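What follows is each chain in one-letter form.
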Amino acid sequence: MAAFLQLDQVSKSFGAVTVADALSFDLQAGQALGVIGPNGAGKTSMFNLITGTLAPSSGKITFDGVDITRQSSAKRCRSGMARSFQVPQPFSGMTVFENAMIAATQAGGMHGAEAENYCVEILEQTELLDRANTPAGGLTLLGRKRLELTRALCAKPKLLMLDEIAGGLTEAECTSLVDTIKAIHGRGVTIIWIEHVVHALLAVVDKLMVIDFGSKIAEGEPRAIMESPEVQQIYLGIEADG
Amino acid sequence: MEWLNAVVQGTLLGGLYALFAAGLSLIFGVMRLVNIAHGDLIVLGAYLGLTVTIILGLHPLLALVIVVPAMALIGYVLQRGILNHTLGKDILPPLLVTFGLSVIIQNALLETYSADPQKMNAGALETASLSAGGLSVGILPLLTFGIAIAVIASLQWVFYRTALGRAFRATSDNQEIAQLMGLNRRHIFGLAMALALGVTAIAGIMLGIRTSFDPSIGGGRLIFGFEAVIIGGLGNLWGTLVGGVILGVAQTIGAKIDPGWQLLAGHITFLVILAFKPNGLFPRINE
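Sequence lines, in order, name chains A and B. The first sequence begins at 1 in my numbering and counts up by one. The second sequence begins at 1001 in my numbering and counts up by one.
Just chain A, with the same shape it has in the complex:
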């Protein structure tokens, strides 16, 4: 079976800084891949390369059987990828509901009442329905993180990319978020999730990848990866820094 998403020797550097160094991996449809690595390892840059906000210096990216290396980010989005941002970036002058509607109508290709009902459903899931008519700029950090997830979900993605969505949440909030993401994964959506909150990640993903200095250090069964000496070393390093 051909991979749903495939990165083949993708490299990108800014001057002396390498954010992706011959990065290769593939993901089957329906899989959930967790990505960990130290700060500045190139995790978010990998998302930028996949969604097209960064153009790779070399290498090839294939999504759903199509070579998308040179495709615009708008086109990639309409073909079924959606992401959330680590630093939330809502359309701050528009209401929460309008933010969701943009994703549903533009990225998700829905119209009229169908789009509206879908947005209400998702807002209910992400617990933002009571804030639907407030301007997105007025949300708290937690609200904005939820809006990121809402917008990504309203796009009805085939590939959902989550960037540190659990960071800064309380334990209870984190648990409810994990349940939400599990449910989405259960519906067959392919997921890539970058997260420092490892226990949240391990509750959902079926594959784990470790990145450092833009290249892949390890990839495989999550628990085995977490226990490998290399990862232990990197992660103990993070703990010491943090």
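Calculated directly from the structure, the hints in this document are not laboratory data. This list has only true hints and no planted wrong ones.
Only pairs whose alpha carbons sit at most 25 Å apart, straight line, appear in this in silico DMTMM-like list of lysine to aspartate or glutamate:
| # | chain 1 | residue 1 | chain 2 | residue 2 |
| --- | --- | --- | --- | --- |
| 1 | A | Lys182 | A | Glu164 |
| 2 | A | Lys60 | B | Glu1176 |
| 3 | A | Lys75 | B | Glu1176 |
| 4 | A | Lys156 | A | Glu124 |
| 5 | A | Lys156 | A | Glu127 |
| 6 | B | Lys1119 | B | Asp1214 |
| 7 | A | Lys158 | A | Asp67 |
| 8 | A | Lys158 | B | Glu1176 |
| 9 | A | Lys156 | B | Glu1176 |
| 10 | A | Lys207 | A | Asp179 |
| 11 | A | Lys75 | A | Asp26 |
| 12 | A | Lys156 | A | Glu173 |
Given the structure is predicted, the values throughout are model-derived calculations rather than measurements.
For chain A, the structure is supplied; the task is to place chain B on it using the hints.
Just chain B now, kept in the frame of chain A:
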């Protein structure tokens, strides 16, 4: 009574200025582009109207049915073909390119239609008037004002009640994220320019019925448009209408004092408002 008359005439004139300004305001609001060629595009609209009325023998108001879509098409092509390439972090390229465009349009009109002043013939509509309580109000200015209100109400509706408007606002809010939500900003900007030039076509035809025009008058219309937008507050369409009315009233009152003061009074009023309210009278709150 004469003063009251001046205020009423000025208010109605303000409708025309609001029509000049609406396209300018829309374009600035969606893509932060200051279109120096806007005045010349109004004049282009007037000439297209003239051409259609002469060739097809249509009434100028009926010519709108052809000129509005034609100008919208020109707008889309212009945006996709030229203006999109000038947009970026630097605000200078769009200014220079639209300035160049202004020169090109003016000279092309001069070449095609000569420098002779032209006017569209709207028959009885031009002189028809209503009298009430000693005031005499022309049907044409009244109609222009009504159209200005209808245009602004429609633009407002498009912006806040339709998917297209949502796309405009999202793109204006955060272009990068809009791209990631599947909005193609080049296309969205193309549609915004199409809509703006559709409105500009209406402005051009109302101008061409009201007064005579020649290829050189675009610059003046641009300034009236700018002043209306700035007085009303950037990004606020109803504010633009109020800005147009204030400008119109200032001009007719100025003319009442001394006929030579018409334009000067408008500009002075604009400068005074700019001095005390640099963001205009009704700036958009979340700006």
